[in-house]
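All chains should be built: construct the whole structure from the sequences, respecting the hints.
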Amino acid sequence: MSDTPVTAAVRGLLSCHVCGLLSRGGHGGRTLHCPRCSAPLHVRKPNSVARSWAFLSAAYILYIPANVLPIMKTSSLFGAQSDTIMSGILYLWHSGSWDLALVVFIASITVPLLKLIALTLLLISVQRRSTWQPLQRARLYRVVELVGRWSMLDIYVVAILAALVQIGALATINAGPGALAFGSVVVLTMFAAMEFDPRLIWDHQQTPQEREIRS
Amino acid sequence: MSSPMTIIACHECDLLQREIPLPPGRSARCVRCGAKLYRVENRSIDHTLALTLAAAVVFILANIFPIIGLQIQTTRNDTSLINAVHTLWNQGMWPVAGLVFFTTFLAPAAVLAIMIHILLELKRERIPASFILVMRLLQIFNPWGMVEVFIIGVIVALVKLTHYGTLIPGIALWSLGVLTLLMTATAASFNVHDIWNRVHSAPRRGGSQ
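One line per chain: the protein sequences are A and R, in this order.
Counting in our numbering, the first sequence runs from 19 upward without gaps.
Counting in our numbering, the second sequence runs from 2 upward without gaps.
No lab work stands behind these hints, which were simulated from the structure alone.
Cβ atoms here follow ideal geometry from the backbone N, Cα and C, with glycine treated the same way.
Among the hints, erroneous ones may be present.
[Unchecked claim] Covered stretches of chain A (chain R as the covering partner; in silico rule of three or more C-beta atoms under 8 Å from a C-beta of chain R):
(1) 52-63
(2) 174-185
(3) 190-198
[What the hints assert, rightly or not] Where chain R lies over chain A, by a calculated footprint (3+ residues, C-beta under 8 Å):
(4) 25-38
(5) 115-122
(6) 147-156
(7) 206-219
Here it is, written out as structure tokens:
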């Protein structure tokens with residue numbers, strides 16, 4: 019459907035991130051605003067890589083307490099018990115719900131870890147001006163954006179359990195500090211993915227001259 | 002200016018492409034990176050509005066009724082969404098409580114309210130009040146509404162609780178299930194690209210087509 023293999027940036031056009039309208043960029047350092055919706059316009063998200071790294075580093079640091087500290091503390095007549103994310107999954111597995119154990123394992127262990135690794139890979143490749151597999155990296159970014167939210171699953175499980183099991187001396191469930199760290203990891207990786215500008219993946223593919231020769 | 006010659010830039014790779022007319026129900030993808038560029042709707046404003054209003058009603062049900070009750074011997078404890086947030090808050094976990102409240106109540110409520118506002122005004126062939134502001138808010142709130150994740154969380158919690166006592170599913174549990182379906186359907190038929198063009202190019206046309 020396209021016969022102009024040229025980007026907006028090459029043509030000096032800016033596309034609005036709110037309403038999608040293309041408008042002509044001006045000269046000078048003034049911030050331009052979209053003529054349709056008056057949102058500030060940028061060729062690329064400002065400081066995208068640095069901001070994304072900042073959120074991602076914070077997420078890496080909090081990923082450790084998120085997995086080591088208990089996300090849930092159960093106290094009952096039979097004694098007290100602390101559960102980390104992993105021990106909660108093992109509990110589900112041993113109690114016969116292997117299918118749910120798998121869902122929680124994917125949502126709470128695999129997704130956050132893959133998200134951290136994928137964003138690191140994307141950021142490093144963009145910083146090194148890599149031309150390697152842009153389409154695959156663009157797809158990777160889309161997957162990260164799509165599945166990131168599912169990590170919230172364990173937070174909701176703890177919220178429901180803590181609210182329901184408040185039966186005085188019989189049994190009480192409290193949220194643990196791990197839940198705080200885990201929730202932060204989910205939010206921080208979502209911010210890191212939002213700050214990342216996928217257009218950077220394509221920016222070092224070819225110069226416009228090379229493209230003109232080809233086409 | 003949504004003439005057939007409109008040029009658009011892919012929001013994911015910045016490639017310039019010509020917007021082409023599509024048959025209803027089809028969507029256009031970027032030739033280079035495959036990102037979805039825009040979709041042409043075969044649904045009317047009325048259709049989308051009906052879905053959104055239904056979702057709003059179910060959303061209210063999901064929040065006023067208990068999700069699950071747990072009965073151990075003679076004590077019964079019911080919890081609603083707000084209850085769960087309240088308990089977390091009282092346990093000193095206010096950031097987690099805030100996160101749960103924001104993602105399961107505030108963000109979905111804001112998204113539904115904004116959609117209803119925009120659709121009602123478009124149906125009356127008017128430009129929605131504070132149109133630009135509400136479209137930006139919609140973009141900000143959209144990624145944070147996580148009702149579909151919450152319902153799975155509730156199911157996992159249910160399984161973990163089976164050995165504690167008798168579980169009594171509440172009206173809100175079924176409502177949440179229906180809400181997930183309705184919100185998915187709403188998101189699929191609420192076309193942001195189309196609405197910008199509609200308001201921008203022909204403010205007084207609007208209406209269903």
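Taking the hints in turn, this is what the structure says about them:
no.: 1; hint: 52-63; verdict: holds (count 4)
no.: 2; hint: 174-185; verdict: holds (count 12)
no.: 3; hint: 190-198; verdict: holds (count 4)
no.: 4; hint: 25-38; verdict: holds (count 10)
no.: 5; hint: 115-122; verdict: holds (count 4)
no.: 6; hint: 147-156; verdict: holds (count 3)
no.: 7; hint: 206-219; verdict: holds (count 5)
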